[in-house]
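Novice: I would like the entire structure built from these sequences, with the hints used as guidance.
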Amino acid sequence: MIKNKFKNLKTHKNKIKFIFDGKTMFGYKGDTLASALLANNINMVGRSFKYHRPRGIFASGVEEPNALVEIIEDKNIIPNIKATTLELYEGLIAKSQNYWPSLKFDILGIFDLFSNFLVAGFYYKTFKWPSFFWEKLYEPMIRKAAGLGKVSTNPSRVISEKGYLFCDFLVIGSGPTGLLAALILGNSGKSVILMEQDFVFGGSLNRDNPIIDNVSSKIWKNKIITRLENLPNVRTMKRTTVLGMYDHGSFAATETFKKESVKKQYQILWRVKSKKTFLCSGSTERHISFQNNDIPGIMLSSSIREYTNRWQLKTFKNVVFFTNNDYPYYVARDLISRGTKQVSIVDVRKEIKFSDPTISIYKNAEVINTKGKRKIEGVFIKAKNKPILFLHCDTLGVSGGWNANIQISTHTNEKPVWNEQVLSFVQKKISKNSNIKCLGSADGIYELNDLFINTKKEVFKYLKTLNLKSKNIDLPNVNTKETYNIKPFWFVKYGSDRKWVDFQNDVTVKDIQISYKENFRSIEHLKRYSTLGMGTDQGKVGNIVGLGILSEISNKSIRNIGTSTFRPPYVPASIDAFVGFTKNKSFKAKRLTPSHAWSKKNNSEFVETGLWYRSQWYPKKNEINWLDTVNREVLNVRNNVGFCDVSTLGKIDIQGKDSLEFINKIYCNNFNNLSIGKVKYGLMLREDGMIMDDGTTARLDENHFIMTTTTSNAEKVYQHLEFCHQCLWPYMDVNLISITDSFSQFSVAGPNSRKLLQSILDNSEEISNKNLPFMGFKKIWLKNGLSAKIFRISFSGELAYEISIETQYSDVFLEILEKEGKKFNLSPYGTEALSVLRIEKGHISGPEINGNTSPLNVNMLNILNFQKDCVGNILFQRKKILNNNLRLVGLLSDNKIHSGSLIFDKDMKMNSENELGYVSSSCFSPCLGKYIALCFFSGGEKYFGKNIIVKNFLKKYKTFAKICSPVFIDKEGKKLRV
Amino acid sequence: MYIEHPLLGSRSIDEFIYYGDASLLKRPVFNQNKILEKFHKYLYLRKNPNGIHSELWFHLYGDRSWLIVERDTKTHEIRNVILANKELG
Numbered sequence: 001m002i003k004n005k006f007k008n009l010k011t012h013k014n015k016i017k018f019i020f021d022g023k024t025m026f027g028y029k030g031d032t033l034a035s036a037l038l039a040n041n042i043n044m045v046g047r048s049f050k051y052h053r054p055r056g057i058f059a060s061g062v063e064e065p066n067a068l069v070e071i072i073e074d075k076n077i078i079p080n081i082k083a084t085t086l087e088l089y090e091g092l093i094a095k096s097q098n099y100w101p102s103l104k105f106d107i108l109g110i111f112d113l114f115s116n117f118l119v120a121g122f123y124y125k126t127f128k129w130p131s132f133f134w135e136k137l138y139e140p141m142i143r144k145a146a147g148l149g150k151v152s153t154n155p156s157r158v159i160s161e162k163g164y165l166f167c168d169f170l171v172i173g174s175g176p177t178g179l180l181a182a183l184i185l186g187n188s189g190k191s192v193i194l195m196e197q198d199f200v201f202g203g204s205l206n207r208d209n210p211i212i213d214n215v216s217s218k219i220w221k222n223k224i225i226t227r228l229e230n231l232p233n234v235r236t237m238k239r240t241t242v243l244g245m246y247d248h249g250s251f252a253a254t255e256t257f258k259k260e261s262v263k264k265q266y267q268i269l270w271r272v273k274s275k276k277t278f279l280c281s282g283s284t285e286r287h288i289s290f291q292n293n294d295i296p297g298i299m300l301s302s303s304i305r306e307y308t309n310r311w312q313l314k315t316f317k318n319v320v321f322f323t324n325n326d327y328p329y330y331v332a333r334d335l336i337s338r339g340t341k342q343v344s345i346v347d348v349r350k351e352i353k354f355s356d357p358t359i360s361i362y363k364n365a366e367v368i369n370t371k372g373k374r375k376i377e378g379v380f381i382k383a384k385n386k387p388i389l390f391l392h393c394d395t396l397g398v399s400g401g402w403n404a405n406i407q408i409s410t411h412t413n414e415k416p417v418w419n420e421q422v423l424s425f426v427q428k429k430i431s432k433n434s435n436i437k438c439l440g441s442a443d444g445i446y447e448l449n450d451l452f453i454n455t456k457k458e459v460f461k462y463l464k465t466l467n468l469k470s471k472n473i474d475l476p477n478v479n480t481k482e483t484y485n486i487k488p489f490w491f492v493k494y495g496s497d498r499k500w501v502d503f504q505n506d507v508t509v510k511d512i513q514i515s516y517k518e519n520f521r522s523i524e525h526l527k528r529y530s531t532l533g534m535g536t537d538q539g540k541v542g543n544i545v546g547l548g549i550l551s552e553i554s555n556k557s558i559r560n561i562g563t564s565t566f567r568p569p570y571v572p573a574s575i576d577a578f579v580g581f582t583k584n585k586s587f588k589a590k591r592l593t594p595s596h597a598w599s600k601k602n603n604s605e606f607v608e609t610g611l612w613y614r615s616q617w618y619p620k621k622n623e624i625n626w627l628d629t630v631n632r633e634v635l636n637v638r639n640n641v642g643f644c645d646v647s648t649l650g651k652i653d654i655q656g657k658d659s660l661e662f663i664n665k666i667y668c669n670n671f672n673n674l675s676i677g678k679v680k681y682g683l684m685l686r687e688d689g690m691i692m693d694d695g696t697t698a699r700l701d702e703n704h705f706i707m708t709t710t711t712s713n714a715e716k717v718y719q720h721l722e723f724c725h726q727c728l729w730p731y732m733d734v735n736l737i738s739i740t741d742s743f744s745q746f747s748v749a750g751p752n753s754r755k756l757l758q759s760i761l762d763n764s765e766e767i768s769n770k771n772l773p774f775m776g777f778k779k780i781w782l783k784n785g786l787s788a789k790i791f792r793i794s795f796s797g798e799l800a801y802e803i804s805i806e807t808q809y810s811d812v813f814l815e816i817l818e819k820e821g822k823k824f825n826l827s828p829y830g831t832e833a834l835s836v837l838r839i840e841k842g843h844i845s846g847p848e849i850n851g852n853t854s855p856l857n858v859n860m861l862n863i864l865n866f867q868k869d870c871v872g873n874i875l876f877q878r879k880k881i882l883n884n885n886l887r888l889v890g891l892l893s894d895n896k897i898h899s900g901s902l903i904f905d906k907d908m909k910m911n912s913e914n915e916l917g918y919v920s921s922s923c924f925s926p927c928l929g930k931y932i933a934l935c936f937f938s939g940g941e942k943y944f945g946k947n948i949i950v951k952n953f954l955k956k957y958k959t960f961a962k963i964c965s966p967v968f969i970d971k972e973g974k975k976l977r978v
Numbered sequence: 001m002y003i004e005h006p007l008l009g010s011r012s013i014d015e016f017i018y019y020g021d022a023s024l025l026k027r028p029v030f031n032q033n034k035i036l037e038k039f040h041k042y043l044y045l046r047k048n049p050n051g052i053h054s055e056l057w058f059h060l061y062g063d064r065s066w067l068i069v070e071r072d073t074k075t076h077e078i079r080n081v082i083l084a085n086k087e088l089g
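Chains as they are written, first to last, in our numbering: chain X, 1 to 978; chain L, 1 to 89.
Think of the hints as simulated: they come from the structure by calculation, not from any bench. Wrong hints could be hidden among the right ones.
[Claimed, not checked] EDC-like mimics (lysine to aspartate or glutamate), calculated; alpha carbons at most 16 Å apart, straight line: (1) L/Lys26 - X/Asp869; (2) L/Lys26 - X/Glu687; (3) L/Lys74 - X/Asp247; (4) X/Lys273 - L/Asp14; (5) L/Lys74 - X/Glu414; (6) X/Lys962 - X/Asp894; (7) L/Lys41 - X/Asp688; (8) L/Lys38 - X/Asp869; (9) X/Lys273 - L/Glu4; (10) X/Lys432 - L/Glu77; (11) X/Lys275 - L/Glu77; (12) X/Lys275 - L/Asp21; (13) L/Lys34 - X/Asp869.
Specialist: Here it is as structure tokens:
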């Protein structure tokens, strides 16, 4: 038959070429990789996790434990992709994984012989033995052997987006239940989204092929889908997997798109908010455990049915089923009608209602072992009181019953309950305002007719509670009725060879027995000790089998044992989906200063400070290195005039009649004496008494202020102010707005700054020392018609001003400044020179406001006002703070000092007990020709003028430095007052 | 998670940041006896209820309002949301 298929294929326009393990093969449009591999007679597709046993395709959907493959695209390898859900595309290159050197001959298969040592809890037990064993033997051995595919370290090429969806009703799954529910809900006129993880709609209809309303399920399904797609309020989504349910009716889902070529793959991570969700996710078949039940050719009976009906495979020629329920009898009928000659059913039940001359039925019998290594050759069966029998077969279909797919309904921690009739966990009776309701076989209703009746009833009942009406629809009439009639049966007792429970993690019945014996009896403990259900399939076929076994061993009902917790994601999701577009250049926003273009033109190097890109320095051609540049920039400020873009500082506009009182509560120093047209330095504390930030605040008018913050704390301070206003003192008449982005601000500093600025002002404006004294503020007009605010404040210690312009006019300002600046030797300076200037002046900045320092540490005790109620001045008086003896001092050295270095007395041993403090900021001072630093020092005044040791353990050096005042130049502050 | 904003309706958690226990609103009055202890208690000693908890959320990427959200820490059910400045009037 396969040959015939290939003959057709050559002329068939739907043929798809793909490569598996280096061999070129063909499949059809609509195939999964698994169905195409089976059609090509490939069954063994990998090796198991621990013992490296040969493993084949076991299932036909997301429950697949074995068939995990690597997808290879150029240099990119995507591991652990389920062959059973991977839609075949032209040029696909896939590889089986977890073996060495080849799939057929895997040397690591030797672990199979040591299986007695690799039992439950093995991993934990190795910790108990001598550590030498762990380091030299176990760890390298486990690392080499265990694990699934290998991760590629190349960047992913998947193009990911994120999106938001809102709907009244979300229907998860498009099987018979989902289709009917979506139709009734859609007819109510409310918005409905139907999500299907497969690339075709229909769910179990594609597998079971029932006749509904006298037509094939395919025709019936297409009729419903057409009706749904004609409703404008319904959105149907294929290839969309709901990963999890989160609080308040929100869901995550990934949508992938049909891959037409190797080159591109798209995916969207949807966040869905729905008022009510109907989980119509169907049910998954489970297996039965017996000796050597893991060899290729053993599959779930439902998968055999799906490969036969949906993909029309004819590879199953001689099939044995092993069951505890009716389902395989219907599979057998389908097989026979499609040409399978030999079908036998081994049934553990005594009474069976079926009798079919074309099927050999063995009642009250069990499969006790299998024959075959890389492919099943036959099974040994034993009926009660009869001798062991051997049956040849090429496929063994196992059916241990069905698990309702309730996982998503339990993600917000609703524990499911065990239903003794259908032997499955189902959703607990839900409260009226629960966000999710299981319907159909996801609610344990397995017979199609009942499922339709129940779905119709429940959905109409729900709509009624909302006073919504929906068109009445005829109940679908199921012509082919199928029964279930399950008997509890989890594992075959016969034999002492290994009986697998969880294929992906190589967990056997014995592992569960050992876990129980060693007292890991709670299901959550057992899970972790034996690794049952911890694989990427999350134990979709094996978990409940394991529970059943535990139930028998412990003589406790499954109801009382309970199930382990299901957690999102329902199926593995790529991290890429969650990263979305926020990678590479889009990883974070980029904030450019108003002078960015100008600076770029002027050869600036930029530095990232938070989201900002600030000019670090402006190199000139003859300068050998950055230090040369910075020294020039610093000296030019000290001798002539420089300018720097300080727009990144936070600026908060404060208005309202209680503004001054408010500001006085925010800053720890006194602000009551701030008059109109003046600026004041403010120190801001956290409520715990440590420094939060510092800056200046100008009083523009009676009730109008502008506060500035440091660059890095701009958002934090704004938020703090909002907190204080809304949460602490809402009665105050205060309005806050951030104007950081609305106004650019330039510092113009140096002895020539007044002359320069005067030359760009309108003729009527004057900024003499008398007219605009130190810490003065003015609104002014510039020569070119721009309005500006001018603040006479200085961070550099020179005569300096800060000019604030509406951001959009920054270029015009820079143009005139540059033009006039030539006469006064103006040059721009960057953040590095800014930093040197402030260290020379002993001004604190980010490194000193590090969250661990109080006003006492930075020598500002004198400005604190304890008479007023302000944030932080009470807890500042804690003993811990007041007894702290670190003080800001300066260091002078002939050698380079790095910030972070520690300080020691030169006669003491350098250990943590003798540590006298640490360096917070350091630089080379071109004015002094020495290396200088600011540091927090606990040694006290007796060290002033003396040498101490600066030790850097990371950079491995020590050097001498002299303790001095933190203000290195112009200690009296004369220069800034001229 | 979604928070029912009193002015803006149901808004996604992405727009908010969590700040802490709503008892932060009850800042001790200045100039009292044992003010240091009172502030210590105010800032550091919090209840950690298994159940209904009043907490502060800031609508950072929204209207920048501070909200008092009554949330059940066991189920994440949100009982009540008010503007913080309405609490004190």
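Novice: Would you mind marking each hint as holding or not holding in the structure?
Specialist: Taking the hints in turn, this is what the structure says about them:
{"no.": "1", "hint": "L/Lys26 - X/Asp869", "in the structure": "15 Å, holds"}
{"no.": "2", "hint": "L/Lys26 - X/Glu687", "in the structure": "13 Å, holds"}
{"no.": "3", "hint": "L/Lys74 - X/Asp247", "in the structure": "12 Å, holds"}
{"no.": "4", "hint": "X/Lys273 - L/Asp14", "in the structure": "13 Å, holds"}
{"no.": "5", "hint": "L/Lys74 - X/Glu414", "in the structure": "12 Å, holds"}
{"no.": "6", "hint": "X/Lys962 - X/Asp894", "in the structure": "10 Å, holds"}
{"no.": "7", "hint": "L/Lys41 - X/Asp688", "in the structure": "11 Å, holds"}
{"no.": "8", "hint": "L/Lys38 - X/Asp869", "in the structure": "14 Å, holds"}
{"no.": "9", "hint": "X/Lys273 - L/Glu4", "in the structure": "13 Å, holds"}
{"no.": "10", "hint": "X/Lys432 - L/Glu77", "in the structure": "14 Å, holds"}
{"no.": "11", "hint": "X/Lys275 - L/Glu77", "in the structure": "15 Å, holds"}
{"no.": "12", "hint": "X/Lys275 - L/Asp21", "in the structure": "29 Å, violated"}
{"no.": "13", "hint": "L/Lys34 - X/Asp869", "in the structure": "15 Å, holds"}
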